[in-house]
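Visitor: What follows is each chain in one-letter form.
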Amino acid sequence: MNILVFIKRVPDTESRIRIDREAKSIVEEGLNFVLSPYDEYALEEALRLREAKGGKVTAVSFGPDEALSTLRKALAMGADEAVLIKDDLREAYDPLRIARVLAAFVRARQPDAGLILFGRMSVGSDNAAVPPMVAEMLGLPQATVVTKLEISGQEAAACREIEGALEKVAFRLPAVVSAQKGLNEPRYETLKGIMAAKKKTVPVVTLAELGLSGEEAVPRVEILSLELPAAKQAGKILPGTAEEAARELVRLLRNEAKAL
Amino acid sequence: MILCFIEIRDGKIKKSSLETLVAGRRAAEALGFPAEAVLVGSAPEGAAAEIGAAGAAKIHHLQNPALTDYSSQGFALAVEGLVRETAARAVFFPATAMGRDLAPRLAARLGVPLASDCTAVSVSGGRLVFTRPIFAGKALLTLALPAGPAIATLRPNVFPLDAEPGPEAEVVPHAVAIPEGAVAGKVAEILSESGAAIDVAEADIVVAGGRAMKGPEGFARLSDLAAVLPRAAVGASRTAVDAGWIGHSHQVGQTGKTVSPNLYFAFGISGAIQHLAGMSSSKVVVAVNKDPEAPIFKVADYGIVADLFQVVPALIAEIKALGS
Ligand SMILES: Cc1cc2nc3c(=O)[nH]c(=O)nc-3n(C[C@H](O)[C@H](O)[C@H](O)COP(=O)(O)OP(=O)(O)OC[C@H]3O[C@@H](n4cnc5c(N)ncnc54)[C@H](O)[C@@H]3O)c2cc1C
Ligand SMILES: Nc1ncnc2c1ncn2[C@@H]1O[C@H](COP(=O)(O)O)[C@@H](O)[C@H]1O
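Residue numbers (this note's numbering), protein chains in the order written: chain U, 5 to 264; chain E, 7 to 330.
Calculated from the structure, these hints are not laboratory results. Cβ coordinates follow ideal geometry from the N, Cα and C atoms, glycine included. Misleading hints may appear alongside valid ones.
Derived SDA-like pairs: lysine to any residue, alpha-carbon spacing no greater than 20 Å straight-line [stated by the list, open to error]:
| no. | chain 1 | residue 1 | chain 2 | residue 2 |
| --- | --- | --- | --- | --- |
| 1 | E | Lys192 | U | Gly118 |
| 2 | E | Lys326 | E | Val234 |
| 3 | E | Lys326 | U | Leu256 |
| 4 | E | Lys20 | E | Phe39 |
A few chain U positions that, by computed beta-carbon distances, are all more than 12 Å from chain E [as the list claims (entries may be wrong)]:
| no. | residue |
| --- | --- |
| 5 | Ala56 |
| 6 | Glu70 |
| 7 | Ala80 |
| 8 | Gln114 |
| 9 | Glu213 |
Coverage of chain E stretches by chain U, computed from C-beta distances (three or more under 8 Å per stretch; other residues unrestricted) [claimed, not checked]:
| no. | stretch |
| --- | --- |
| 10 | 35–48 |
| 11 | 60–70 |
| 12 | 86–97 |
| 13 | 101–112 |
| 14 | 172–179 |
| 15 | 220–228 |
| 16 | 312–322 |
Let the hints inform the model, and build the full structure from the sequences given.
Guide: Below you can see the structure in the form of structure tokens.
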């Protein structure tokens, strides 16, 4: 089976975010970029499926040239191939735009993909929207926020987290699946993998090569402002023994905060 | 008109979808038109009264035997038909597991983007404006969706549920045609977790513990505290989850759940940025930690510098005393 994994380069989760007010975007200078954590679970699942059932794993990212290093990491973990779809725009926080490009890639380059894996959401944009959008554009079923995936032939079943329970979804392949923490434990790159990845070439494709006109890749989200949240006032530290502090806390929660 | 999606789980209307409806009604009023509810599949008893009380005069009930069980494909197709038929200006969903699965699919069918997990909706210059946390709450993005109907999911527990009792809503049935082969996957089964009565993401109060809980017994003490509090659930840091002391569905943070309860207790949680990501929209935060320098105190409204194993039983006793 041909397995596609869409991966994104994102600032690591420790990052301190600074904002460029004029550009209505974050300041990228000084940030450490990584493979988005959920995408790592998606990639690991692809590698495990290939190991169990054979086939080929292709990692694809839509982003700037710097995303090449994220794709190299995917190769080092064991992906067979990697492709960069070159983006000349800054992050536009428009999931439709990204989904259109990824769906166009599948149609043009991987129409026979049996399984298309994503992360649950990309760290930073926090949309969790691209996977269902791509599924819809390609007319495929989806299972999102998946913590367990079972495939037998063309039939698949996935467990997804819902409020207070797990939901089991049954679907036919080809399909879109988005990975949640708990699906697996991603492997580390090996030295051998890193060396092998260095020898591979990562083809770069442009939007025009995917048959996308400029119009289709224009962001349709109008960003009005990007701000830091208001800093929180320092709270009260309650003195005394554990018992005294607990009593005072309950009193304050009732009378002052009205939270009890 | 703003359409608001009503989510049904276990034969009941989910509270977060009523919050969505109230937020939709407010925004619609500011724009000078109504908000109406959309309900797909089987409607629970009393829905018309409950939805009427949240302020919608009309419920569009989309029906087809293939819509009995949730499927993103079937539901998206059904709602799309209604959006086109009614020329709705916007469609709001609760940002629940179902809402976040479904709304992007609908948006793609309509060829428009969407605003995910919004914490504010307002009207400015005659159009809808959405605010959503990005970078796990480290920044706030305010945006408009000028292209076609505005699709948004709204974060549960953030929008108030004001009951301004309205009359029972009118139910308008719509028979939906679902072409052969249009649905290639659907929910087969719901596997309930034992004991988890309220999900952390839906609880009014979250009692969370971290590495300092030391083991599953520590979390049992937190369950005792949750049991004496109204609509409370137990949460955990990733460290506690990874140690296997409590299930992943309880994890709060960047790789866990985002919660916005009225009251959040952090017991023996240091306050790493990835943990704060999941709870920074809580209304009141209480931190209990032995280390006065723990970063969690920076985001806490009330702090106690002490051993949590002394504070938890004292709190249980105080709260029980309130009840009697
Ligand atoms: C990509 C990524 C994603 C992550 N996602 C998440 C996430 O979703 N959620 C999350 O929580 N973390 C997440 N983390 C991990 C995060 O960075 C921290 O490691 C984690 O939150 C720490 O958990 P903790 O506060 O329980 O433990 P610690 O940091 O070890 O803190 C324990 C605290 O308990 C206090 N303490 C000890 N004994 C007592 C006692 N008897 N009484 C009172 N206080 C006591 C200590 O003073 C200390 O402050 C993520 C990390 C990464 C890299
Ligand atoms: N620019 C991108 N390139 C490749 N994959 C992406 C991109 N943006 C999003 N994705 C995929 O879509 C998932 C969900 O992203 P999002 O909808 O942005 O939260 C991510 O985890 C990735 O798998």
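Visitor: Which constraints among the numbered hints does this structure fail? Numbers only, ascending.
Guide: 4, 10, 11, 12, 14, 15
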